[in-house]
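Peer 1: Sequence:
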Amino acid sequence: MPHETDALVEYDIQDVDSEGIDKLYRITWKDTGSSVLVRTADSIFHGKGLFCAQDCIPAGQRLDHYHGVICTRQEADRLHTSNMDSYSLFSSDVVVPYPHLPGRFCNDSVVLPDSDEGPLVYLKTANAKFEETPEALIVRTISDIQQDEEIIISYGEVREVGRILQVQFVTIES
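First residue of the sequence shown? That's 37 in our numbering, and the numbers climb one at a time after it.
Each hint should be verified, as a subset may be incorrect.
Said to hold, decoys possible - Keeping only pairs whose Cα atoms sit at most 35 Å apart, straight-line, the calculated DSBU-like set for lysine-lysine is: (1) 165 <-> 66; (2) 84 <-> 160; (3) 84 <-> 165; (4) 84 <-> 66; (5) 160 <-> 66.
Simulated from the structure, these hints should not be mistaken for lab results.
Kindly generate the complete structure, drawing on both the sequences and the hints.
Peer 2: Take a look at the structure:
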């Protein structure tokens, strides 16, 4: 089983299909020893999604942390041609996540409008959120997530010409 580790978590990663596309991740937090089991699979919202792979992930549970290369949006667009899973920080820099991170597969259920004036339509309520903390950008559940349920995050409503640019619903908990 491939293994990735950093200062906050350990990832145990296992292929769940013969092509090695979809993965099963056990994410263990080093400070508490708590872990979650999630998997990637095709999403009805966008490409690949992240799904609960255990009976239930309770509300308030840390799922993953988003980390990678921090750079300006222009650098991210130039250096990372597949920049669809970057996170815009309030400092105007972006985090382009490392490829082994399961949290980068959290989708939004939003349907973008045909024009900038049109309303955003959400097909499913978010069950997780991003939290900017001094240590990391955390992905945390905001409701119980049942086995095989997709993990959905609202990317926010700031947009320009039909593109979502920055997360606006970030809560920092003390």
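Peer 1: Now tell me, hint by hint, if it's right for this structure.
Peer 2: Outcome of the hint check:
1. 165 <-> 66: holds, 21 Å
2. 84 <-> 160: holds, 16 Å
3. 84 <-> 165: holds, 18 Å
4. 84 <-> 66: holds, 27 Å
5. 160 <-> 66: Given that 35 Å is the threshold and the Cα spacing comes to 32 Å, the pair holds.
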